[in-house]
Every structure is written in C-alpha cells, then in structure tokens.
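A.B. asks: The task is simple: from the sequences and hints, build the whole structure.
Taken in order, these protein sequences are the chains called U and R.
When you number the first sequence by my numbering, it's gap-free, plus one each residue, and the end is 287.
When you number the second sequence by my numbering, it's gap-free, plus one each residue, and the end is 165.
Treat the hints as calculated values from the structure; they're not laboratory data.
A virtual CB, placed ideally from N, CA and C, is assigned to each residue, including glycine.
Watch out, some of these pointers could steer you wrong.
Reference excerpt, derived from the structure (chain R facing chain U, CB under 7 Å, subset only) [said to hold, decoys possible]:
| # | residue |
| --- | --- |
| 1 | LEU49 |
| 2 | ASN53 |
| 3 | ILE77 |
| 4 | THR79 |
| 5 | GLY82 |
| 6 | ALA93 |
| 7 | GLN95 |
| 8 | GLU99 |
| 9 | SER116 |
Straight line, CA to CA, 27 Å or less: simulated DSSO-like cross-link-like pairs of lysine-lysine [claimed, not checked]:
| # | chain 1 | residue 1 | chain 2 | residue 2 |
| --- | --- | --- | --- | --- |
| 10 | R | LYS61 | U | LYS64 |
| 11 | R | LYS164 | U | LYS59 |
| 12 | U | LYS103 | R | LYS164 |
| 13 | U | LYS127 | R | LYS98 |
| 14 | U | LYS186 | R | LYS164 |
| 15 | U | LYS62 | R | LYS164 |
| 16 | U | LYS121 | R | LYS98 |
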Amino acid sequence: MQQFNMEAFLKKVTKDKRTLEMFRYLVNKSYIRVVNYHNTNPVDAERFEAEINYYKEHFVPVTLKDIDNFFETKVWPYDKPGLIPAIFEGFRNHYDIILPILDKYEYTAWFYIPSFFMDVPVDEQIPFSNAHELTVTNKEMYPDKRVAMNWDEIRDIAKRHEICCHTGSHFMITKETSDEDMYREIVEAKQVLDRQIGREVEVFCWLYGEEYYYNTRAHKYLKEAGYKYVVSNLKLERIR
Amino acid sequence: MKTIQDVLDSLNSGNLEQYKEVMEYCSKRVTSNEGIPTVIGLDDLTSSSNEAYQGAKEEGDFNLVMAAGAMVFTSLYEELSPEQLGHYPPIAPAMSAMTEMFFHPDADGNAVQYREVVRDFIKE
Numbered sequence: 048m049q050q051f052n053m054e055a056f057l058k059k060v061t062k063d064k065r066t067l068e069m070f071r072y073l074v075n076k077s078y079i080r081v082v083n084y085h086n087t088n089p090v091d092a093e094r095f096e097a098e099i100n101y102y103k104e105h106f107v108p109v110t111l112k113d114i115d116n117f118f119e120t121k122v123w124p125y126d127k128p129g130l131i132p133a134i135f136e137g138f139r140n141h142y143d144i145i146l147p148i149l150d151k152y153e154y155t156a157w158f159y160i161p162s163f164f165m166d167v168p169v170d171e172q173i174p175f176s177n178a179h180e181l182t183v184t185n186k187e188m189y190p191d192k193r194v195a196m197n198w199d200e201i202r203d204i205a206k207r208h209e210i211c212c213h214t215g216s217h218f219m220i221t222k223e224t225s226d227e228d229m230y231r232e233i234v235e236a237k238q239v240l241d242r243q244i245g246r247e248v249e250v251f252c253w254l255y256g257e258e259y260y261y262n263t264r265a266h267k268y269l270k271e272a273g274y275k276y277v278v279s280n281l282k283l284e285r286i287r
Numbered sequence: 042m043k044t045i046q047d048v049l050d051s052l053n054s055g056n057l058e059q060y061k062e063v064m065e066y067c068s069k070r071v072t073s074n075e076g077i078p079t080v081i082g083l084d085d086l087t088s089s090s091n092e093a094y095q096g097a098k099e100e101g102d103f104n105l106v107m108a109a110g111a112m113v114f115t116s117l118y119e120e121l122s123p124e125q126l127g128h129y130p131p132i133a134p135a136m137s138a139m140t141e142m143f144f145h146p147d148a149d150g151n152a153v154q155y156r157e158v159v160r161d162f163i164k165e
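C.D. replies: Right under this line is the structure:
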C-alpha cells in the first residue's frame with residue numbers, strides 16, 4: 048500500500064485546466080450523465096434493453112428543452128437525475144436494433160449524425176465508413192451493404208428523439224483545418240440535416256474531444272450555421 | 042462509498058486498488074459495441090454568471106463524491122503516457138472511469154457501479 052502524498056496529488060490534478068473545470072461542474076451540479084453508443088448490433092440487443100430499462104427506472108430522459116430550461120432556471124426540475132443515451136454515427140443498425148427499445152421504454156436519445164454519410168451511394172458506404180473512421184463492426188448484417196440510415200429513417204427518429212450534427216463526413220476539425228473544410232463540415236453539414244428533417248438542428252458535436260474555446264477559428268462557422276449548443280467529450284456548451 | 046469523506050479516506054489510507062481495478066475494467070470495454078458511460082459538464086457561455094445550479098433531489102450530495110472520484114482517477118491517469126491515453130487529456134478517461142465507479146447513488150446513498158447495470162452481460 049502506497050503512502051498518500053497530498054502535494055503530489057494536487058500537482059497532478061492541477062496540471063490541466065480542463066480537470067479543474069470538470070471539478071467545478073461537478074461541485075456546482077452543472078453536469079449530465081451520458082452513455083455513448085456506436086454500433087448497436089443484434090447480438091447486443093438484450094444488453095441494450097437491460098440498460099434502457101435501468102435508465103428508465105433510475106433516471107429521466109433529457110430533451111433539448113430540458114437543457115434550455117436548466118440553463119434558464121439553474122434548477123433541475125425532476126427528482127431523478129437526467130441521462131442521455133448518445134447514439135453516434137448514423138448507422139442503420141441504430142434504427143433496427145436500439146430505436147425499437149428506446150421507443151418501447153419511451154426514452155429519449157440523442158442521435159449524432161455525420162450528415163453526408165446518408166447520401167453516399169449504398170455500394171460505397173462500407174469503403175466510405177472505412178475511410179472516415181466510422182467503424183462498422185458487423186459488415187455482414189445487411190446483404191444489400193447499406194450500413195447508414197436513410198433519410199426516411201432519420202426523419203422517423205426525429206419525431207421523438209433529438210438529432211444532432213456530428214460534422215458532415217465524420218471529419219476531425221483541428222486548428223489547422225482549412226476555412227473551406229470548416230464551412231463544409233460545420234455549416235453545410237447542418238444545412239443538409241435541417242433540410243432533410245424539416246427543422247433546425249441545434250447541436251454540433253466535435254470528433255475526438257475538441258472543445259469550443261480550443262478552436263476559436265471554428266466560432267465563425269458555428270455561429271454562421273446557427274448552432275445553439277456545442278458538444279465535446281467533456282462538456283455541452285451553450286453558445287447562443 | 043457514499044460521501045466525499047469516504048473518497049478522501051480511501052486516498053489517505055493509500056488504498057487505490059479499487060480505482061486501479063476500475064481502470065483495468067474500463068480498458069477492456071469494447072467502445073465500438075458497448076454503451077460507455079460518462080458525465081459531461083454543462084456550461085452556458087452566454088452567461089457571465091457563475092452561480093451554482095440546483096441538481097436532482099435524489100442525487101443529494103453525491104456530486105461531491107463524483108468530483109473527488111474524478112480527481113483521484115485523474116491523478117492515476119496522469120501517470121500514463123500520452124500514447125497510452127490515446128492523446129486525450131487524463132480528465133477524459135478519468136470522467137468515464139469515475140462514472141463507471143460512481144454511476145449513481147442507491148437508496149442508501151451508496152455508489153452503484155455501471156457494471157451492475159450490465160452485470161448479466163459481462164464476459165469474463
């Protein structure tokens with residue numbers, strides 16, 4: 048058993064301002080639980096159902112309206128804490144496997160869609176997913192090789208769940224990203240989603256833990272596009 | 042563990058094995074196929090106010106346990122190399138490990154681990 052050294056401990060946890068920021072959110076009760084999902088394959092359906100059933104019992108689902116109200120009133124209005132199932136990448140297996148479970152338990156999820164993926168021709172979807180780190184773990188599930196949801200499926204989901212933009216082509220935006228690429232992946236990606244689901248998408252989600260303050264060049268495009276919230280793997284930031 | 046004092050006591054006693062065991066468990070999860078829990082901060086950049094928020098009633102002061110737990114995990118992930126961390130800051134895996142260990146309080150205020158949710162599906 049090692050001797051605890053408070054000085055060393057404090058030096059470690061104060062090295063990075065993001066650590067102290069997270070500490071502040073937790074102490075200030077300004078946080079939300081998220082469970083991140085990517086592939087939702089049939090083999091895991093029983094586990095997903097056990098999870099959603101558990102969330103239904105111990106948490107409340109969260110809508111964007113709940114987040115709006117929380118920021119306005121600074122009060123979480125429910126006895127139970129909120130939990131968001133975050134479903135990433137727009138895979139077809141989301142529609143077929145986890146969506147019926149979410150709907151059975153009437154539990155709202157947030158679907159993060161790379162909006163150009165849906166318009167990739169079916170024959171090219173697996174090569175596209177390989178090239179854009181959209182890891183499909185059961186490529187044989189669909190003999191017709193369509194692994195992305197189509198727009199009808201996304202429109203159906205949008206009726207009772209939150210739709211968020213996860214860039215256009217699952218693109219990692221960095222400080223070095225060109226203006227042209229930023230415009231396409233932030234602004235045009237939202238325009239495609241807005242048009243297809245018939246309402247404004249308010250949430251943009253970075254890839255790989257980017258955060259709003261880190262990439263100030265992207266501010267212009269996030270504002271031009273009209274997003275209200277920006278999500279990273281550490282926080283959800285309201286920007287307008 | 043149910044209070045921040047319990048977390049501090051575990052630190053003082055030098056007993057970090059339970060945290061390291063959770064880190065080991067987290068490293069074996071298949072992120073592409075499994076639900077991976079975490080907690081994210083909510084920040085209103087349009088407001089200059091730094092007021093505290095009022096959380097869910099059933100949560101009580103469990104947020105303090107989570108805050109202390111996140112710091113313990115951060116100190117442990119700090120010891121890993123950038124390559125081992127996948128170039129994420131230590132707080133990122135720390136928040137996920139913290140949520141795994143302190144998923145929510147039970148009726149008596151004790152921490153429930155996320156693996157309890159999926160206990161019937163964990164492959165040894």
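A.B. asks: Below or equal to 27 Å on CA atoms is what counts here, so check U/LYS62 against R/LYS164.
C.D. replies: 36 Å, violated
A.B. asks: Closer than 7 Å between Cβ atoms is the bar; does R/GLU99 clear it against chain U? Give me holds or violated.
C.D. replies: Holds, about 5 Å.
A.B. asks: Is the shortest C-beta separation between R/GLY82 and chain U less than 7 Å?
C.D. replies: With a closest approach of 3 Å, the R/GLY82 hint holds.
A.B. asks: So, as I understand it, the hint says R/ALA93 touches chain U; can you test that by seeing if any CB pair is closer than 7 Å?
C.D. replies: 5 Å, holds
A.B. asks: What's the verdict on U/LYS186 and R/LYS164, does the C-alpha distance respect the 27 Å limit or exceed it?
C.D. replies: 23 Å, holds
A.B. asks: Quick one, is the R/SER116 hint okay against chain U at 7 Å, beta carbons?
C.D. replies: With a minimum Cβ separation of about 4 Å from chain U (threshold 7 Å), the hint on R/SER116 holds.
A.B. asks: When you check the alpha-carbon spacing of R/LYS61 and U/LYS64, does it fall within 27 Å?
C.D. replies: The given pair, whose Cα atoms are some 23 Å apart, holds under the 27 Å limit.
A.B. asks: Against chain U, with CB atoms and a cut of 7 Å, does the hint on R/THR79 hold up?
C.D. replies: OK, holds: R/THR79 within 7 Å of chain U, min 6 Å.
A.B. asks: Answer holds if the nearest beta-carbon of chain U is closer than 7 Å to that of R/ASN53; otherwise answer violated.
C.D. replies: 5 Å, holds
A.B. asks: Return the status of the interface hint for R/ILE77: holds when the least beta-carbon distance to chain U is below 7 Å, violated otherwise.
C.D. replies: The hint holds - R/ILE77 has a Cβ within 7 Å of chain U, the shortest such distance being about 5 Å.
A.B. asks: Would the pair U/LYS127 and R/LYS98 pass a check requiring their Cα atoms to be no farther apart than 27 Å?
C.D. replies: 7 Å, holds
A.B. asks: Below or equal to 27 Å on CA atoms is what counts here, so check U/LYS121 against R/LYS98.
C.D. replies: 14 Å, holds
Checked against the numbered hints above, the structure breaks hints 1, 11, 15 and satisfies the rest.
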